[in-house]
Amino acid sequence: MATMQKIKNHAEELASQIRDGSFKAVDAVESSLDKIQKKNSALNAIISTLNERALDRAQQIDKATTRNGKLFGVPVVVKDNFCVEGSQTTAGSKILKGFVSNYSATVIERLEAQGAVVIAKANMDEFAMGSSNENSAYGAVKNPWNEACVPGGSSGGSAAAVASEMAPIALGTDTGGSIRLPAHYCGVYGLKPTYGRVSRYGIVAFASSLDQAGPMARSVRDLSLAYDSVAGFDHKDSTTYTETAVDTYSKLTSNIKGKRIGVVTSHIENVDQNNKELITKAIDTLKSLGATVVEIDLPYTENSISVYYMIATSEASSNLARYDGIRYGVRAEGATLDELYENSRGLGFGPEVKRRIMLGTYALSSGYYDAYYKKACQVRRLIKNGFQAAFEKCDLIVGPVATSSAFKLTERSQDPLKMYLNDIYTTSINLAGLPALSAPIGIQKDGLPVGLHLIAKAYDEQVLLNVALSLEEALPGFERTAGVRG
Amino acid sequence: MISSETVKHVAKLARLKVSDNEVNEYSKQLSRVLEHFESLKAVNTEGVEPLVTPNPASEYRRVDEVVPSKEANTWISHSPDKIGNLVKVPTVVG
Chain A
1 MATMQKIKNH
11 AEELASQIRD
21 GSFKAVDAVE
31 SSLDKIQKKN
41 SALNAIISTL
51 NERALDRAQQ
61 IDKATTRNGK
71 LFGVPVVVKD
81 NFCVEGSQTT
91 AGSKILKGFV
101 SNYSATVIER
111 LEAQGAVVIA
121 KANMDEFAMG
131 SSNENSAYGA
141 VKNPWNEACV
151 PGGSSGGSAA
161 AVASEMAPIA
171 LGTDTGGSIR
181 LPAHYCGVYG
191 LKPTYGRVSR
201 YGIVAFASSL
211 DQAGPMARSV
221 RDLSLAYDSV
231 AGFDHKDSTT
241 YTETAVDTYS
251 KLTSNIKGKR
261 IGVVTSHIEN
271 VDQNNKELIT
281 KAIDTLKSLG
291 ATVVEIDLPY
301 TENSISVYYM
311 IATSEASSNL
321 ARYDGIRYGV
331 RAEGATLDEL
341 YENSRGLGFG
351 PEVKRRIMLG
361 TYALSSGYYD
371 AYYKKACQVR
381 RLIKNGFQAA
391 FEKCDLIVGP
401 VATSSAFKLT
411 ERSQDPLKMY
421 LNDIYTTSIN
431 LAGLPALSAP
441 IGIQKDGLPV
451 GLHLIAKAYD
461 EQVLLNVALS
471 LEEALPGFER
481 TAGVRG
Chain B
1001 MISSETVKHV
1011 AKLARLKVSD
1021 NEVNEYSKQL
1031 SRVLEHFESL
1041 KAVNTEGVEP
1051 LVTPNPASEY
1061 RRVDEVVPSK
1071 EANTWISHSP
1081 DKIGNLVKVP
1091 TVVG
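Protein chains in written order, with my numbering: chain A, 1 to 486; chain B, 1001 to 1094.
There could be a bad hint or two in this list.
As the list claims (entries may be wrong) - Heads up, simulated DSS-like pairs for lysine-lysine below, C-alpha to C-alpha not over 30 Å straight-line:
{"id": "1", "chain 1": "B", "residue 1": "K1041", "chain 2": "A", "residue 2": "K97"}
{"id": "2", "chain 1": "B", "residue 1": "K1017", "chain 2": "A", "residue 2": "K418"}
{"id": "3", "chain 1": "A", "residue 1": "K281", "chain 2": "B", "residue 2": "K1041"}
{"id": "4", "chain 1": "B", "residue 1": "K1008", "chain 2": "A", "residue 2": "K457"}
{"id": "5", "chain 1": "A", "residue 1": "K281", "chain 2": "A", "residue 2": "K257"}
Unchecked claim - Counterexamples of contact, computed for chain A against chain B with all Cβ distances above 12 Å:
{"id": "6", "residue": "E12"}
{"id": "7", "residue": "Q114"}
{"id": "8", "residue": "A148"}
{"id": "9", "residue": "Y241"}
{"id": "10", "residue": "Y249"}
{"id": "11", "residue": "I268"}
{"id": "12", "residue": "T285"}
{"id": "13", "residue": "R327"}
{"id": "14", "residue": "G346"}
{"id": "15", "residue": "A390"}
{"id": "16", "residue": "E473"}
If you're looking for bench data, these hints aren't it; they were derived computationally from the structure. Where a beta carbon is used, it is the ideal one built from N, C-alpha and C, also for glycine.
Required output: the full structure, derived from the provided sequences and hints.
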């Protein structure tokens, strides 16, 4: 029987050792499951573990004669809105409690085709609606760097799992910042790919024109491997881009000489002093590596929150109509069909989800459609045009992910508008369908990590990964794993 | 300001049961959020085509052919109330 060994720090190294037989997948999986058991009572990052399924797969991998796969034997945590055949998928909601999926999402099949082993389903804001991970029906997730703070949302469980070394890689989804915010707050890398890069098939839908799945990791190379594993055309999702094989890993380079980096100075001026210092230092580092910095203008940033919440809630009110107590999930009694719907939905959905369904239903209701939804879609085009104009002057844009580092639990949860305003720098990326990455660039004096937001043209994930790699190599003395808790 | 009546009407449209407390709360919170949206009115969007999806979808159309799929009972099994392969619901036509 396998002995407990410390899991290798990174997926790249671990996969290589499992491929050549010097490390066992079973040991890697057991070590990961053990860490979850030890750390989860404090962090609440995981909703369910897939012990039996994971160990079965690990044993098959150890016995396999064909030993290739980008993530061969690597334990992976996935947000609980990805369907994994035979296991519970809750999307952080009471309404889906006990729902066991009879198929796997395309991205899960792809991860597994590369040898990855899904070990657990991560906690999340209910239906991915939140920026702090305080909206989960399974309780708030804690930040591994400081348990009094939020991990960010909505992929907070995924970020906390990677930051606390439960697994080297996790998958999240990002509708308005849900990968990048928790990556920033938890000191890990998080990539939100271009809309259409990654299949949405088998992922619980929130807002279909904005949702995109992506990886989180503790190194750029791991992030690239995980992204390459899941990206590419899927005939089950007609919004996926036609390119089938995506390979950023073999093209990774930290040579960024001549890259033009766009900066909106007012965005950096607006953030908390600690964040500002680290962001400025990171930009200076990029300059010293041969990049040039150009001032750009993104004229509709201030409007992006309004546009985003109007469009996201409208799409959500339609997507969440399927939770009616009939075909799956929680059912409450009702004398008529309408009563059954109303009671089941009233019982199953949490307050933030109800609030957003109400807002979206209002925006789409007769007499308000033009003033709200249509107007928002028009400004959405202006936001996209604004990015296109900016990218004529630069190859990528860098700036803040949020206005501060992780805030205290419950500090903002009573004020929905204040919480929404937190997403000012992330939502416009989803509205324009662009790829963006949050890269950890340092720890502030109070011990909380800070991320840098990198944004590129559609389908240019490569430049994001390359620039993030150059920072990873160049920034001195920064311990990137939040393995502070052992 | 979103009135209690409007909140109740929208809840009905959304098939959501809401308590009196929730009606009061949503009335206040949604009003505040919608006030924020008013800032959009200042943006000139005359002649701007609404953007409903960010990147053009692929031209792909799958071939219309029969492929194996899961048995019906694996889908019906999710339902909280069923008889055999049928989902049970309250009487619809009296």
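Verification of the supplied hints:
{"no.": "1", "hint": "K1041/B x K97/A", "result": "violated, 41 Å"}
{"no.": "2", "hint": "K1017/B x K418/A", "result": "holds, 26 Å"}
{"no.": "3", "hint": "K281/A x K1041/B", "result": "violated, 38 Å"}
{"no.": "4", "hint": "K1008/B x K457/A", "result": "violated, 44 Å"}
{"no.": "5", "hint": "K281/A x K257/A", "result": "holds, 18 Å"}
{"no.": "6", "hint": "E12", "result": "holds, 30 Å"}
{"no.": "7", "hint": "Q114", "result": "holds, 23 Å"}
{"no.": "8", "hint": "A148", "result": "holds, 26 Å"}
{"no.": "9", "hint": "Y241", "result": "violated, 7 Å"}
{"no.": "10", "hint": "Y249", "result": "holds, 23 Å"}
{"no.": "11", "hint": "I268", "result": "holds, 23 Å"}
{"no.": "12", "hint": "T285", "result": "holds, 31 Å"}
{"no.": "13", "hint": "R327", "result": "violated, 5 Å"}
{"no.": "14", "hint": "G346", "result": "violated, 3 Å"}
{"no.": "15", "hint": "A390", "result": "holds, 16 Å"}
{"no.": "16", "hint": "E473", "result": "holds, 32 Å"}
Violated hints, listed in ascending order, are 1, 3, 4, 9, 13, 14; each of the other numbered hints is respected by the structure.
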